[in-house]
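> Kindly generate the complete structure, drawing on both the sequences and the hints.
Number of protein chains: 2
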Amino acid sequence: MRVGFLGFGEVASKLSEGLMGNGVDVYTCIEGRSTRTRNITEKIGVKISRSYKVLAENSDILISSVVPSNSVEVAEMVGKYTKGIYVDINNVSPKTVKYSLSMIENGKTVDAAIIGSVVRNGVNVKIIASGPFVEDFAQLKGYGMNINVVGSENGQASGIKLLRSAYTKGVSALLFESIYSGYKMGIDRDVLKYISETECPDFRESAVSRIISAAFHAERRSEEMAEVIEMLSEKQEPIMARGTREFFKMLSENIKKPEKRPDDYLEVFKDFMEIKNHF
Amino acid sequence: MRVGFLGFGEVASKLSEGLMGNGVDVYTCIEGRSTRTRNITEKIGVKISRSYKVLAENSDILISSVVPSNSVEVAEMVGKYTKGIYVDINNVSPKTVKYSLSMIENGKTVDAAIIGSVVRNGVNVKIIASGPFVEDFAQLKGYGMNINVVGSENGQASGIKLLRSAYTKGVSALLFESIYSGYKMGIDRDVLKYISETECPDFRESAVSRIISAAFHAERRSEEMAEVIEMLSEKQEPIMARGTREFFKMLSENIKKPEKRPDDYLEVFKDFMEIKNHF
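Protein chains in written order, with our numbering: chain R, 1 to 279; chain C, 1 to 279.
Rather than coming from a laboratory, the hints here were simulated on the basis of the structure.
Fair warning: there could be bad hints in the mix.
Since the list can't tell identical chains apart, any single copy or any two copies may satisfy a pair.
[Claimed, not checked] Simulated crosslink set (EDC-like; lysine to aspartate or glutamate; CA at most 16 Å straight-line):
1. 249 / 237
2. 184 / 230
3. 126 / 199
Given below as structure tokens:
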């Protein structure tokens, strides 16, 4: 089994380590890539194809794990050379993934999305996948990957991931808004306590980590919500999703102000949540 | 111990039953009240004061449990007669509760808020309370009430309740938006499944009940959010709270349309969530 990676960042390197440990031949191409990427491929010991054309021609399964904004471009580049299964695992909308996959001339395409943290889980990270050739991709379950087939159409896996993300980002924004108002009123601890009582047992801990993460990644969250809004707008007026984007935009702008650094926000919560251990 | 109730709806009747069972003398006044209310007081066997003045003068603890829009008016009416502790347990904002309590001339005031369902829990329902005389109100713990002191200032208990409510209503709106979009894309079950996996064990069941409840109570939710927004606006721009109100407003307007009854929305979820048992 030969698996090729287009792009070799965190996702590709973690999956490669696991696949190689299970006897898979893993390839990538480092043409035009940074020294940092070259060093990572050397460290992991992945095989190097001399061109993207060769990589695409020789991979049984070719996985695109590039930065989201490059997913179309890279599909276009290898579209006519791809012999095996082409899997787009990038964090993009159903519309974008369908467009990228339309570049693959043999039509052997799969839409895949990572649910959870590849850093924490490595090759075992949960992957949901859909598309006409999803069962072929699912062969990699035999090589350590945790692939969950969710359908036979491209766009399903990325749609599930994006809707899940709309929910979890919205929850972070709601939590932040409620707890921060509570802090200003001197009742933050109790607000969290009485919300926790009707939520699940781990709610408090997860709330704390969501609030910290919201403060640190506000700008990225706001950008990611644009993709969600674009998708939802096709079906309905995305009221909560727009609110979530606006919230993270406001937060990121406030955090950039010299008088309101992320640490100020964190200071607010550190005191009452005893969150120091989370750093 | 004599406890008086101003207003005798669901909250007063459930608490009265429990207090009387624990040996408390419970009074109310039915002057100008509906036949329905009179019948309830008779059924429960609560004692009747001949006027609000008498009720206010003779109660060790006087609890205001009226419709939220009447909380100020009723406080004004009994303000100068109240001899004991005056407790406002109405579902109102900190600002409104402080204003109501400012009418009580003896200053023996308490801000209280119910967390959870008095119908399901009766006298044991969780009550949070704050205010200068909160410890006197807390005596009722000895008579079956589940009172949790959260502070010594009026406005704290109602603030906690309102911020909690901002969070839980927002979560319902987020869930509805994500799952309904998922339904239209044919991936609703999987969206719920993959959200559930990183939430708590009971998430799925609670999500279903929140979605149903959102559809049935959309209009009331939208109205209740106005109070939250008023409160939050004093401290920050209430972005998520405004989104939540707008979402429920849109939902309630859609549900009123002849072609979109609540059942239509529920039909959407019934199929895939097997929620019939919840009715």
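> It remains to establish, for every hint, whether it holds in the given structure.
Comparing the hints with the structure gives:
For the homomeric pair residue 249 and residue 237, the shortest alpha-carbon distance between copies (12 Å) is at most 16 Å, but the shortest distance inside one copy (19 Å) is not. For a Cα distance limit of 16 Å, the shortest separation of residue 184 from residue 230 across copies, 15 Å, qualifies, whereas the shortest one inside one copy, 34 Å, does not. In this assembly of identical chains, the alpha carbons of residue 126 and residue 199 lie at most 16 Å apart only when taken from different copies (15 Å versus 25 Å within one copy).
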